[in-house]
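Below, each chain spelled out in residue letters.
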Amino acid sequence: MSPEDIPVIPRGVRLHEDRVRGSWVLLAPERAIRLDPIGHAILSEIDGSRSFGAITAGLAAKYNAPEEQIAKDAGEFIEGLMNRRILEVA
Amino acid sequence: MMDGSTVTDLHAEGRARGIPAPIAMLAELTHRCPLSCPYCSNPVELARKERELSTEDWIRVFHEAAELGVLQLHLSGGEPASRRDLVELVKAAREAGLYTNLITSGIGLSERRMAELDEAGLDHIQLSLQGTDAEMADNIGGYKGGFKRKMMVAEWIKASGIPLTLNAVVHRRNLHQLPRAIEMALEMEARRIEVAIVQFHGWAMQNRDALMPTKEQAQEASRIVAEARAALKGRLVLDYVPADYHSDYPKRCMGGWGSSGLNVAPDGEVLPCHAAQTIPSLSFDNVRDRGLADIWYNGSAFNAYRGYEWMQEPCRSCERKTKDFGGCRCQAMALAGDPAATDPVCIKSPLHGELQKRAEAFSGNDAAELIYRGQPA
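If you read the protein sequences in the order shown, they are chains A and B. For the first sequence, the positions run 109 to 198 when the working numbering is used. For the second sequence, the positions run 14 to 390 when the working numbering is used.
Please keep in mind that the hints were generated in silico from the structure rather than gathered at the bench. Among the hints, erroneous ones may be present.
Partial chain B-side listing against chain A, Cβ under 7 Å, derived [to be verified]:
| no. | residue |
| --- | --- |
| 1 | Ile32 |
| 2 | Ala34 |
| 3 | Asp131 |
| 4 | Gly134 |
| 5 | Lys157 |
| 6 | Arg205 |
| 7 | Ala244 |
| 8 | Ser273 |
These numbers were taken from a predicted model, which means no experiment stands behind them. Even for Gly, the Cβ is constructed at its ideal location relative to N, Cα and C.
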């Protein structure tokens, strides 16, 4: 992921609050991916217009963490989901 | 609930007994279908239209499912588009908070109906593929003109932007078309393809000699899928169901009985798996009489093969029992005559050698003709 990339949650993929199990899940074709608070925080920042760079800067400020580390972790998380055709880059 | 306990109570009791809430529900809206595929896995005896649940019943069941913890709803059949209220049901499923997937042959969908499904919020479509050209597809589906129509439906799906999975069922007669099926998934801009080597349940049992792939074909299919997965990473997801009878270990059926999914048949019977009605010792509850959560946690059919207590040897002491749960209960019934036996696909089953011989004999019977699916009277 480069800072200019704009990650997108495409049609047919959505965040869902699973009240029965008390957690957030990402629902996608034939997949329900349980999210830890970090995964949920990353996906909540994706709005289809903000760049990856803006997202990681925002998360770094919000969680008071080094941006380089956030970019590495979030990039791996997003790329993993892209390989599974769950996220896209605009 | 019948005894006055709430769904919250039932969840708490279930947790205490180690029973998770289900993730997925297959709603078999109807057994009616314009196709008559010889590998149909629906029961030999189908539910007639008069016995089907009403629109209101289904909508109530969707809400009960969401409350029970179901996240993914699969609308299936038969052909779900044969239900006139399909759009209304999709809308209601979305309102209940369910991820809504339509499993269809495409027959019964028009461009206008597709726009209505899009508007209703349908999340995902699985389009079945009987062959990669009209000659093969219409012969297998037993429906002339079906392939041409399906290709139109694929265009409408692409234009709508609803994510698509192509469901390719492959067997001895069409396995040579697998590379083309993968290409077609790319042309349709599908995000996924499910390559399923035919499984033998329900009607399909009598077509084992007409459809059983050879062992060489099964190995070739595994190789094609593995290569395509590597080559198409990030473009197309491939899910694969290998040839059961040619395997050494059984399928992890339903991810464990009564642990992750449930089926509701057209007449409202609630089944732990699609083929469970082939096990004569089981009796099933109906959503017309009993709440879905009560059925899931307390129904006798759901508790019959939960956990490991019901197992016999060699499953009971086997280290793989947590992986595959002894295989498929319906297949144990069909092939060993005992639903609690080890699935005869397993190399540890005393029936394994015999099954492999029969599979080879089935796959070599080139004189066998297709026996098309019969429809409800």
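We went through each hint and held it up to the structure:
1. Ile32: Given a least distance of 13 Å, the restraint on Ile32 (chain B) is violated.
2. Ala34: holds (5 Å)
3. Asp131: violated (9 Å)
4. Gly134: Violated: closest Cβ of chain A sits about 10 Å from Gly134 (chain B), beyond 7 Å.
5. Lys157: Lys157 (chain B) check fails; min Cβ-Cβ to chain A is 31 Å, beyond 7 Å.
6. Arg205: Constraint on Arg205 (chain B) satisfied, holds at 6 Å.
7. Ala244: violated (13 Å)
8. Ser273: violated (10 Å)
Going down the numbered hints, you'll see the structure goes against 1, 3, 4, 5, 7, 8, while the others check out.
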